[in-house]
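Trainee: Given only the sequences and the hints, what does the whole structure look like? Please build it.
2 protein chains.
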Amino acid sequence: MKRRQVCLAAALLLAVFALPGCRTAFHAAPLPIQPGGITQVATIDALLAGVYDGHMSLATLKQYGDFGIGTFEGLDGEMILLDGVFYKVRADGKVYLPDLTEKTPFASVTGFEPDIEAAIEKPLDMQAFVELVDGLFPRQNSFCAILVRGDFTRMRTRSVPMQQKPYPPLAEVTKNQPVFDFENISGVLVGFRSPDFVKGVNVPGYHIHFLADDLSGGGHVLNFELKKGLLKMDTDHGWLNIHLPAQSEAFAESDLSSDRSHELESVEKER
Amino acid sequence: MKRRQVCLAAALLLAVFALPGCRTAFHAAPLPIQPGGITQVATIDALLAGVYDGHMSLATLKQYGDFGIGTFEGLDGEMILLDGVFYKVRADGKVYLPDLTEKTPFASVTGFEPDIEAAIEKPLDMQAFVELVDGLFPRQNSFCAILVRGDFTRMRTRSVPMQQKPYPPLAEVTKNQPVFDFENISGVLVGFRSPDFVKGVNVPGYHIHFLADDLSGGGHVLNFELKKGLLKMDTDHGWLNIHLPAQSEAFAESDLSSDRSHELESVEKER
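As given, the protein sequences belong to chains A and B, one line each in that order. Quick note: the first sequence uses the numbering used here, first residue -17, plus one each step. Quick note: the second sequence uses the numbering used here, first residue -17, plus one each step.
These aren't lab readings, by the way, just hints derived from the structure by calculation. Heads up, some of the hints might be wrong.
Because identical chains share one entry, a pair is satisfied inside a single copy or across any pair of copies.
To be verified - Cut-off 35 Å, straight-line C-alpha distance, at most; resulting in silico cross-link-like pairs (DSBU-like, lysine-lysine): (1) 209 - 44; (2) 85 - 214; (3) 44 - 210; (4) 85 - 44; (5) 157 - 214; (6) 157 - 209; (7) 210 - 104; (8) 157 - 210; (9) 44 - 147; (10) 214 - 104; (11) 214 - 76.
Mentor: The structure is reproduced here in structure tokens:
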């Protein structure tokens, strides 16, 4: 039934675009976009600059993918989108199921279709894990969506406390971020390796969130030791679609011209 | 008739996506994407690095817009896309109509729908023109597509000679670029003002090409003096869609991690 509906949509669209005189087809009403790529909301530098207003509802974001990471309006926690379900790890360390009317100021999603799988049967720390992924998919100018279901001997995450306006820059917020340490926990890593050229727009390199299987915790991953697990990678991304919050005054007025690499480093990594 | 077809497509799509259980809609077959944004092929840094292989046919690119600029496979001239028609200004200074099977290594297009218009009735040099556009649309974090039909007392353009493999970097090519000077010529400026955060991905600031009304010349604009004309700007861009040449070995192997701002400056501007 699902497939038939999708085929119907495709056939109807082809018919419409093939109709004579329909040269303004690209002016048509907004549609969810095509498969095999990454969709992101706003830019990481806007988030670093303190633009925490929600730009897109989770309901809309879901149309662009079933897998991804991000944050919520007001910086109210870390987002994990897994199998089409959103999870929110708030600053209290707990996992919540956000309403689809909630909005995000920054997120990256994809329709996850793994093309590389690897069983991990010996312990790996985060650095060894990065080397494993880089070895399996060395193309550093390509995006790679990363999923690991595994058992972790150690997991260190953080979340971020919800902010009130006027919003401080992200590097200020994360100075006092709550950090969570877990031992012998089963869960899922969800994230991306992004090319260097996304600098300013997204997070170059690895950006990974964690969700415990028993929903006892999660967050933005700072460090871990993986005991064993199953790695799945989706390396087939033909486009990056950046949704620009053109109507946002905060976005319009933020300074997105300076190099925020050092801020990003301080925000993303373990100190 | 056109509008009815477009509305029909929108209604059918909404119906399809609203159907229960259709959660893999974003995995459907490739479609031209939604309106109100910019589509670009590959990245400017890949072009600077010498990746001149064509990644997308003009026929496909046309599905994403009727207006834009770029270049051609092998760096064989400057592209102008105007009212859905591609023009190629080659290194001999002449204007050609490229076949739609030709490919582009780098281009930016949009479905041009101007929302700001201004009659220019007194002479403006390029700097005064930039100040005019910035004044009419000060949002520097937004894209702006720019069209001017006008009479120019002076126009200086350049094109680029077709390259053979192994391709040299763009900054090497433009050291010997043919430059064309025109006096009292009528024509069209086509281009974009892009936000600073596209650094590495596209050209921050102004990037404008020219096409003479009598098709006697054109190219990448280095400088001009506008006598009078009509300026149209499309400032409503809700997304930037970057097509990534994921299958290209040259793209995969190019160094896209270094800061090529100085190379870009030397390539884009008048020396």
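Trainee: Could you run down the list of hints and mark each one as holding or not?
Mentor: Against the structure, the hints come out as follows:
{"no.": "1", "hint": "209 - 44", "in the structure": "within (32 Å within a copy, 50 Å between copies)"}
{"no.": "2", "hint": "85 - 214", "in the structure": "both (28 Å within a copy, 34 Å between copies)"}
{"no.": "3", "hint": "44 - 210", "in the structure": "within (30 Å within a copy, 48 Å between copies)"}
{"no.": "4", "hint": "85 - 44", "in the structure": "both (11 Å within a copy, 33 Å between copies)"}
{"no.": "5", "hint": "157 - 214", "in the structure": "within (33 Å within a copy, 46 Å between copies)"}
{"no.": "6", "hint": "157 - 209", "in the structure": "within (30 Å within a copy, 56 Å between copies)"}
{"no.": "7", "hint": "210 - 104", "in the structure": "within (6 Å within a copy, 72 Å between copies)"}
{"no.": "8", "hint": "157 - 210", "in the structure": "within (32 Å within a copy, 55 Å between copies)"}
{"no.": "9", "hint": "44 - 147", "in the structure": "within (27 Å within a copy, 43 Å between copies)"}
{"no.": "10", "hint": "214 - 104", "in the structure": "within (16 Å within a copy, 62 Å between copies)"}
{"no.": "11", "hint": "214 - 76", "in the structure": "within (26 Å within a copy, 52 Å between copies)"}
This entry satisfies every hint, going by the numbered hints stated previously.
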